[in-house]
Amino acid sequence: MTLDAHLVVTRPAFTLDVALRVAAGEVVALLGPNGAGKTTALRALAGLTPMTAGHIGLRGAPLHTLPAEDRPIGMVFQDYLLFPHLSALDNVAFGPRCQGVPKAEARRIAAALLERVGLAAHAAARPRRLSGGQAQRVALARALAVRPELLLLDEPLAALDAHTRLEIRSQLRRHLADFDGATVLVTHDPLDAMVLADRLIVIEGGAVVQEGSPAEVARHPRTDYVARLVGLNLYRGVADGAGVKVGEVLLHASEELDGPAFVAFPPAAVALYRSRPDGSPRNLWQARIEGLERHGDNVRVHLDGPLTAFADITPAAVADLDLTPGQRIWASVKATETHAYPA
Amino acid sequence: MADPHGKPATGREIAGRAPWMLVVPALAGLAFLVLPLAGLLIRAPWSTLLQRLAEPQVLEALRLSLVCATVATAFCLLLGVPLAWLLGRVSFPGRRLVRALVTVPLVLPPVVGGVALLLVLGRRGLAGQWLESAFGISLPFTTAGVIVAEAFVAMPFLVISVEGALRGADQRFEEAAATLGASRWTVFRRVTLPMVMPGVVAGAVLCWARALGEFGATITFAGNFPGTTRTMPLAVYLALETEPEAAIVLSLVLLAVSVVILASLRDRWVSTP
Numbered sequence: 001m002t003l004d005a006h007l008v009v010t011r012p013a014f015t016l017d018v019a020l021r022v023a024a025g026e027v028v029a030l031l032g033p034n035g036a037g038k039t040t041a042l043r044a045l046a047g048l049t050p051m052t053a054g055h056i057g058l059r060g061a062p063l064h065t066l067p068a069e070d071r072p073i074g075m076v077f078q079d080y081l082l083f084p085h086l087s088a089l090d091n092v093a094f095g096p097r098c099q100g101v102p103k104a105e106a107r108r109i110a111a112a113l114l115e116r117v118g119l120a121a122h123a124a125a126r127p128r129r130l131s132g133g134q135a136q137r138v139a140l141a142r143a144l145a146v147r148p149e150l151l152l153l154d155e156p157l158a159a160l161d162a163h164t165r166l167e168i169r170s171q172l173r174r175h176l177a178d179f180d181g182a183t184v185l186v187t188h189d190p191l192d193a194m195v196l197a198d199r200l201i202v203i204e205g206g207a208v209v210q211e212g213s214p215a216e217v218a219r220h221p222r223t224d225y226v227a228r229l230v231g232l233n234l235y236r237g238v239a240d241g242a243g244v245k246v247g248e249v250l251l252h253a254s255e256e257l258d259g260p261a262f263v264a265f266p267p268a269a270v271a272l273y274r275s276r277p278d279g280s281p282r283n284l285w286q287a288r289i290e291g292l293e294r295h296g297d298n299v300r301v302h303l304d305g306p307l308t309a310f311a312d313i314t315p316a317a318v319a320d321l322d323l324t325p326g327q328r329i330w331a332s333v334k335a336t337e338t339h340a341y342p343a
Numbered sequence: 344m345a346d347p348h349g350k351p352a353t354g355r356e357i358a359g360r361a362p363w364m365l366v367v368p369a370l371a372g373l374a375f376l377v378l379p380l381a382g383l384l385i386r387a388p389w390s391t392l393l394q395r396l397a398e399p400q401v402l403e404a405l406r407l408s409l410v411c412a413t414v415a416t417a418f419c420l421l422l423g424v425p426l427a428w429l430l431g432r433v434s435f436p437g438r439r440l441v442r443a444l445v446t447v448p449l450v451l452p453p454v455v456g457g458v459a460l461l462l463v464l465g466r467r468g469l470a471g472q473w474l475e476s477a478f479g480i481s482l483p484f485t486t487a488g489v490i491v492a493e494a495f496v497a498m499p500f501l502v503i504s505v506e507g508a509l510r511g512a513d514q515r516f517e518e519a520a521a522t523l524g525a526s527r528w529t530v531f532r533r534v535t536l537p538m539v540m541p542g543v544v545a546g547a548v549l550c551w552a553r554a555l556g557e558f559g560a561t562i563t564f565a566g567n568f569p570g571t572t573r574t575m576p577l578a579v580y581l582a583l584e585t586e587p588e589a590a591i592v593l594s595l596v597l598l599a600v601s602v603v604i605l606a607s608l609r610d611r612w613v614s615t616p
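Chains A and B are the protein sequences, given in the same order.
Residue 1 is where the first sequence starts when you use this note's numbering, and the numbers rise one by one after that.
Residue 344 is where the second sequence starts when you use this note's numbering, and the numbers rise one by one after that.
Since the hints were derived computationally from the structure, they do not count as laboratory data.
Heads up, the beta-carbon is just placed ideally off N, CA and C, and yes, glycines get one too.
Everything hinted at is true.
Under 7 Å between C-beta atoms, here's a sample of chain A residues computed to sit facing chain B: (1) ALA68; (2) MET75; (3) LEU81; (4) HIS85.
Assemble the whole structure, with the sequences as input and the hints as a guide.
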């Protein structure tokens, strides 16, 4: 393991306690809602926020005893924090200069890095003349210029508009793949996390609630927050072989297990009926419509009742069924699209 | 509803006419501030102006004033910028008290400052005695004394201006520099100082202007000797007794300097948001 850290930061009314291991070349995303402690964890790794307890080891050597300027890290801040009084080139050359590299050599390194991120033409530009996407790439080049062993990215794409974001995300993915140190990335955007990271660590309320590969987390969410992020209806119940009992409803899933279990199904798998359907699908319950909202090309129906659920149906189906808030309705989901896994 | 035939209501129409209870005192206040300066311009002996400006005593006082104010400003920059950094960037117990102490010379009558300087740096003063016996340095009634008196009175202007700029500057840039391996000194030199430079320049200009106009502390601590300690404000005061026209000429020079300073700082200090 390149990075082996146990971060503890105690503040009034908030405690961050997160264990983190990242291999060389691996990209780990810290994912979580606002205020979960993601950025605090990143700042603790960087040495910008003092830790109350815990340790940080990088390649076996303690990092937490060093001040920020002595840590072999590179950090990309959410709003980049490019020095406004320096050109893009001098921003990138700043780190090497601090490491004692002669000016000409530092500028050569910086020029090569700007070339790599495709900004050689903007080397002389001041940060305020750069677009958001360009500034992001300069910030990445600046962080890489110090040849860090640990790269820290704080919401690297959050400040970009949707179109730029798409392009920068794929570029960032390429640069991260080229980077051979450990990378820790903080984001609240599941798509960024899924695309950029090899492994996700979900943090809520200062603690790790789930950890795994993006595919694993997307398929088997373990908290409501993760379920919402990956777009699944998630319930916790007790399995008895035949199905999972969630409150009064028994949900049959494609997996059979026993004991405490999670059960999840996508909103698009939910079918709605005005009257009790014939042939009785197995997972059937009566629900009340809480509200309707547009969701992509479909309509997302918020259901209340024995199960609080989202159902995604076509606008045509909404018209056919004549759905209105407050109305009572039958909802069903196929067992083959319902997945159960141990809690 | 807007009148369909008329223009939309502007702010002035909504607010109504300005009440005379405010307008009359406002105009009187304006006149009070502007008329004395206008009087100076009207009574100035324009025909003999250049001739009077070229008089040796005038040139001497002007040169002494410029040199002393400039050296005092350099001294203030050397000590005041680090002091502002300490107040703005390092948290230590008693910081509020130190900040209050720094601003005392700002509100202290300059004569009192001069007396205090005499008590400490005078021949019989606490530090003055030691300075004289150890190094043979005596500050009172010398040009160096003028610089000390001016720096004492003017430094708070610099400190306050720079500290304000430091507080307004985003400290996260300094964090970013630290993650790039910059020591605190490098951070100060290459990130903090360039970012607060407008505040430093404004503070230095204010400091210089205050030093140039210094009277009370200077005459108390450094005396009034032509060539060594008689700066422009002292010369103005003295000339008023003997040749009022010379006093007017000297005043005009100081007024011109003030106007130039005001113009150079107008964006920073005089502009309204």
